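> Under the numbering used here, the residue at position 21 of the sequence shown is numbered 192, and the numbers go up by one with no gaps.
These are calculated hints, taken from the structure and not from any lab test.
Treat the hints loosely; a few may be bogus.
With a Cα cut of at most 30 Å, we get these calculated DSS-like pairs of lysine-lysine [as the list claims (entries may be wrong)]:
#1 Lys-173 - Lys-188
#2 Lys-255 - Lys-173
#3 Lys-334 - Lys-188
#4 Lys-173 - Lys-250
Model, not experiment: these values are computed from the prediction.
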Amino acid sequence: MKSAAAESSHIHEVMVKLALSRPDVTFRLINNGRTSLHTPGTGRLSDALLALYGPDTVRELFSVSYCEGDIRINGYAAKPSLRKGSRQWQSFNVNHRVIGSRMLNRAVDNAYQTLLPAGTHPLVALQIEAPAAHVDVNVHPQKAEVKFQDERSIFKAVHAALKEKLMNPEVPSSTAAAFDHSV
Numbered sequence: 172m173k174s175a176a177a178e179s180s181h182i183h184e185v186m187v188k189l190a191l192s193r194p195d196v197t198f199r200l201i202n203n204g205r206t207s208l209h210t211p212g213t214g215r216l217s218d219a220l221l222a223l224y225g226p227d228t229v230r231e232l233f234s235v236s237y238c239e240g241d242i243r244i245n246g247y248a249a250k251p252s253l254r255k256g257s258r259q260w261q262s263f264n265v266n267h268r269v270i271g272s273r274m275l276n277r278a279v280d281n282a283y284q285t286l287l288p289a290g291t292h293p294l295v296a297l298q299i300e301a302p303a304a305h306v307d308v309n310v311h312p313q314k315a316e317v318k319f320q321d322e323r324s325i326f327k328a329v330h331a332a333l334k335e336k337l338m339n340p341e342v343p344s345s346t347a348a349a350f351d352h353s354v
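Turn these sequences into a full structure, and let the hints steer you where they fit.
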């Protein structure tokens, strides 16, 4: 085990990712008698983001809603004005499963490529839905990673979803009506 502070930080990070993957569940983390995380469980990702990051951060986010064939993406991503020093602020869930994915990180990086200084990353909370038959969850012992049958399609969809909004932030997503999830 690492120091108490390091372990506490790791637990907090896991709880944030879980809370973003399940905005319909109330999460509360109490550390040393102090509430360090509390989400309302309203089912709206925007409410979970507000509880986790506060109004100043939420004002710097835009909603993402995109549909390409049988791939659906919704969530929130940061305007280029909100930069973070690590990818810790990026959260992905696929079919309601919290995952880590270098490929998804690359898709985000490519979408923001010319908009952020080197070494900075956007805050992203994306929920991706794909047919279960196209997602292999048995590639990681803790089920923290998945393998997509067609990684290129997922990469392109995430990249396009973000790029569409980054290039036209005031225009609603062209595919928003196709996927009206409780964001």
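> Tell me if the straight-line CA distance from Lys-173 to Lys-188 falls inside 30 Å.
Since the Cα atoms of Lys-173 and Lys-188 sit roughly 21 Å apart, the hinted pair holds (cutoff 30 Å).
> Would the pair Lys-255 and Lys-173 pass a check requiring their Cα atoms to be no farther apart than 30 Å?
Holds, because 24 Å separates the two Cα atoms, which is no more than 30 Å.
> Is the straight-line distance between the alpha-carbon of Lys-173 and that of Lys-250 30 Å or less?
Roughly 35 Å separates the two Cα atoms, so the pair is violated.
> Could you grab the alpha-carbon distance between Lys-334 and Lys-188 and see if it respects the 30 Å cut-off?
holds, 23 Å
Checked against the numbered hints above, the structure breaks only hint 4 and satisfies the rest.
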